[in-house]
Amino acid sequence: MCLAVPMRLVERDGDRGTVELSGVRREVHLGFVPDLALGDYVLVHAGFVIEKLDTERAEEDLRLLSILLDDPAPEKES
Amino acid sequence: MSVSSSDSPSAAFADPARCAALRREIEKTASGGPPITLMEVCGTHTTALFRFGLREMLPPEVRVISGPGCPVCVTPTAYIDLALRLLDEPRLALVTFGDMMRVPGSRSSLERRRARGGRVEVVYSALDALALAAAEPQTRFVFLAVGFETTAPGSALLLRAIAERRIANLYLLVAHKLVPPALEALLGRPDLRVDGLILPGHVSVILGTEVYRPIAERHGVPGVVCGFEPVDLLSGILELVRMRRDGTAAIVNRYGRAVTPQGNRLARASLSEWFLEEDAEWRGLGPIPGSGLRLRPEFSSYDGLGLLPPSEIRKVEEAVRDHEGCRCGDVLCGTVAPPECPLFGEVCTPENPIGACMVSTEGTCAAYFKYARGWSGGVR
Amino acid sequence: MILLAHGAGGRMTGRLVREIFLRHFSNEALARLEDAACLSAGAARIAFTTDSFVVTPIVFPGGDLGKLSICGTVNDLAVMGARPIALSAGFVIEEGLPMATLDRIAASMQAVCAEIGVPVVTGDTKVVERGSCDQVFINTAGVGLLEEPLPQGAAAVRPGDRVIVSGGIADHGIAVMAARNDLRFETTIESDCAPVLSATRALLESGAAVRWMRDPTRGGIATTLCELTSGAPFAIEIAEERIPLRPAVLALAEILGLDTLYVPSEGRFLAVVDAADVDRALAALRADPAGRESVEIGEVIADPPGRLLLRTRIGGHRILDMLTGDQLPRIC
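Chains as they are written, first to last, in the working numbering: chain A, 1 to 78; chain B, 1 to 380; chain C, 1 to 332.
Derived from the structure by calculation, the hints contain no laboratory data. A portion of the hints provided could be inaccurate.
To be verified - Quick partial rundown of chain A residues pointing at chain B, CB under 10 Å, derived from the structure:
{"id": "1", "residue": "A4"}
{"id": "2", "residue": "R8"}
{"id": "3", "residue": "T18"}
{"id": "4", "residue": "L21"}
{"id": "5", "residue": "F32"}
{"id": "6", "residue": "L36"}
{"id": "7", "residue": "E56"}
{"id": "8", "residue": "E59"}
{"id": "9", "residue": "E60"}
{"id": "10", "residue": "D61"}
{"id": "11", "residue": "D70"}
Claimed, not checked - To list a few chain C residues with every Cβ distance to chain A over 12 Å, as calculated:
{"id": "12", "residue": "S26"}
{"id": "13", "residue": "R45"}
{"id": "14", "residue": "I93"}
{"id": "15", "residue": "A107"}
Unchecked claim - If you anchor each label on the Cβ, the simulated ranges turn out as follows:
{"id": "16", "chain 1": "C", "residue 1": "R15", "chain 2": "B", "residue 2": "G286", "range": "25 to 35 Å"}
{"id": "17", "chain 1": "B", "residue 1": "Q138", "chain 2": "C", "residue 2": "R104", "range": "27 to 37 Å"}
{"id": "18", "chain 1": "B", "residue 1": "V336", "chain 2": "A", "residue 2": "G39", "range": "34 to 44 Å"}
These figures come from a predicted structure and were not determined experimentally. The C-beta atom is built at its ideal place from N, Cα and C for all residues, glycine as well.
I would like the entire structure built from these sequences, with the hints used as guidance.
Take a look at the structure:
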């Protein structure tokens with residue numbers, strides 16, 4: 001059961017925070033991922049943060065994928 | 001899934017050029033080899049494969065079948081019957097995720113019951129039940145606590161709030177389900193022929209990847225933890241095809257931006273704080289040992305079942321009417337095609353679903369009913 | 001028993017209409033099941049339609065029940081190619097409704113009427129006991145003149161024709177869902193609720209060969225296009241990346257697990273035009289405020305007959321069926 005969407009943390013007050021995606025905002029619970037800074041991308045599921053998204057790892061995975069596929073796509077994102 | 005908000009770290013994982021390259025690589029790797037059957041075991045993967053049109057992008061050697069679907073779809077009839085029985089109590093409202101509304105009980109569903117005047121509130125978050133309960137102290141609210149390991153920590157947060165704030169009119173009816181025991185049970189079926197598992201990304205955020213290793217080793221089946229963008233799924237499928245070709249059965253993480261080897265320890269700790277594992281019934285699959293969560297006995301005062309006398313609970317359970325002949329388990333294993341089930345298309349339709357494969361909107365039977373009847377051949 | 005899903009405009013609504021209403025009211029004008037019935041009145045050809053409006057909340061970002069009730073009926077006439085000449089309005093009001101709310105609703109209705117130059121010429125009011133309805137229900141009916149240029153009709157649709165949508169989809173359904181306090185989202189999404197009459201006129205008068213027009217309200221663009229392809233000797237393929245969608249609408253739809261292809265709009269329409277005329281059609285539409293964002297989203301093809309296909313962003317294909325039941329927020 002697993003609809004979780006990456007959203008950006010824009011406000012925080014203890015265990016409570018506000019996340020945002022394309023102008024849509026929602027209050028969420030941060031209790032399971034306390035180590036967060038404003039601006040972090042987090043995965044939100046049913047009103048609570050389940051993980052911080054590792055953007056460096058995302059880039060690294062894409063880089064490895066490009067090498068593996070010998071694929072010229074990545075310039076688009078740089 | 002594909003929220004291609006341009007600055008989201010997931011946007012690049014929906015890139016069509018990467019998808020095309022992955023597709024070619026899968027074709028190359030699978031070509032000339034034996035047919036490969038992969039299974040996804042997460043309802044959101046089922047939907048994603050379908051929404052992106054990924055299945056028909058795969059070469060004929062690679063087939064992806066759908067597992068039991070989401071934890072809501074596998075909620076057994078008895079649970080729905082008990083929830084509906086609770087609605088007979090005065091000044092009582094149910095609080096639920098929208099997914100539950102059409103899951104059938106023996107004689108009705110939450111949607112049908114609401115049409116007849118039962119009060120059922122649809123929420124986005126378990127924690128939204130708090131505001132409902134605070135606004136109406138005279139009404140008892142029962143939250144239908146369903147979902148896999150991803151969702152169960154939300155129920156734990158709700159329980160903590162109820163306990164800390166001493167909320168007297170909010171309860172949970174708990175039927176959380178656990179993925180690893182279900183995988184174990186599925187792979188243990190002698191008739192299931194699966195060459196690789198697409199493992200659920202957001203369940204794995206909580207559980208980590210290590211939990212799957214013993215299962216892969218025991219059954220000799222590789223698994224890849226996948227995210228929900230098309231590049232995530234295609235690169236996972238490629239990895240599984242490669243492992244099959246090379247004869248390895250490892251667990252690989254292709255959702256590294258969200259999933260760690262150990263998972264989210266705080267979320268898992270909250271589960272053991274409030275819940276105990278128990279044997280649980282899965283719609284279409286039957287009982288699976290250790291595959292469910294129930295409230296720890298010391299927290300029984302928060303149990304929605306406590307609002308009914310034990311004799312009433314027994315009465316409801318004795319009156320449960322499951323449709324004889326549902327072949328969901330066999331459909332999942334691929335030994336029976338949906339039309340071979342005696343209920344398919346007659347008793348069991350997307351509007352009146354019986355088994356989990358039909359309850360899930362993109363489950364094997366629902367998809368077959370909507371898209372395959374009266375039309376054969378590929379879409380190309 | 002009637003369920004909410006019977007009113008959602010999908011498969012279940014279709015069955016209800018066939019099995020109850022069509023069976024009892026069977027006649028030639030109704031049997032076409034178009035957005036408006038086409039009738040002869042003396043020498044004139046007229047289009048006649050009716051629609052009832054209930055929405056919670058009755059005031060939502062970008063509109064209210066009053067605006068919706070006029071736009072809905074006017075748009076049903078507009079997509080038939082008719083020029084609306086007069087409207088009726090019937091109100092079922094719950095005892096206790098604040099007078100100011102009713103005043104606001106009536107003012108919104110008149111604002112649209114003034115914009116398009118079509119008056120409400122007759123009406124009715126009923127007040128019912130508290131609890132017998134939810135604040136206020138409105139029924140509107142409209143009559144329009146059918147004069148050339150008119151759409152050629154669904155039977156004229158043929159492979160090669162192009163499909164146009166007049167703007168971003170799903171704004172209305174998502175705005176209304178976001179405005180329901182119980183889901184607790186903050187957004188700036190506004191309903192697209194608006195009359196499309198000026199745009200349908202502009203399209204017809206451009207001289208483009210217009211085969212068919214429809215407004216994608218209940219059931220969204222997928223259900224509306226399925227109604228055209230269902231049982232037809234052709235298929236339609238639409239391209240996902242061409243379908244206009246506001247980022248915030250997409251974001252909330254993804255968060256709640258809703259498929260925007262099935263979410264209603266209330267100020268958009270779909271048109272099928274001859275391929276040779278597509279540039280002319282788009283130019284005429286884009287020159288009109290109600291059609292400014294018009295784009296071509298797909299094509300009529302030969303195979304597989306009766307089907308609606310979506311070519312996905314990554315080059316896959318998906319068959320689109322009619323909506324089954326109402327879409328609910330989901331978490332899996």
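Each hint tested on the structure:
Residue-level restraint check for A/A4 holds (minimum Cβ-Cβ distance to chain B is 5 Å; threshold 10 Å). The beta carbon of A/R8 is positioned within 10 Å of a beta carbon in chain B (closest approach about 8 Å), and the interface hint is therefore held. For A/T18, the interface hint is violated, the least distance from its beta-carbon to any beta-carbon of chain B being 14 Å, above 10 Å. Annotation: interface hint on A/L21 holds; nearest CB of chain B at approximately 6 Å, less than 10 Å.
Taken as an interface hint, A/F32 checks out: its beta carbon lies about 4 Å from the nearest beta carbon of chain B, inside 10 Å. Violation of the interface hint for A/L36 is found here, the shortest Cβ-Cβ separation to chain B being roughly 12 Å, above the 10 Å cut-off. Given the 10 Å rule on beta carbons, the hint for A/E56 holds: about 9 Å separates it from the nearest Cβ of chain B. With a least beta-carbon distance of about 8 Å to chain B, the hint placing A/E59 at the interface is held under the 10 Å criterion.
Taking 10 Å as the C-beta contact cut-off toward chain B, the hint placing A/E60 at the interface holds, the least distance being around 8 Å. The closest approach between the C-beta of A/D61 and any C-beta of chain B is roughly 5 Å, which is under the 10 Å cut-off, so the hint is satisfied. The restraint placing A/D70 at the interface with chain B holds, with a minimum CB-CB distance near 8 Å, inside the 10 Å limit. Once the 12 Å rule is applied to beta carbons, C/S26 is consistent with being away from chain A; the minimum gap is 44 Å.
Residue placement check: C/R45 keeps its beta carbon more than 12 Å from all beta carbons of chain A (closest about 46 Å). In this structure C/I93 is separated from chain A by more than 12 Å, as the shortest Cβ-Cβ distance comes to about 34 Å. Every beta carbon of chain A lies more than 12 Å from that of C/A107, the smallest distance being close to 29 Å; the non-interface claim holds. Evaluation of the 25 to 35 Å hint for C/R15 and B/G286 yields a pass: the beta carbon distance comes to about 33 Å.
A C-beta distance of roughly 32 Å is found between B/Q138 and C/R104, which places it inside the suggested range of 27 to 37 Å. The hinted range of 34 to 44 Å is not satisfied by B/V336 and A/G39, whose Cβ atoms lie roughly 51 Å apart.
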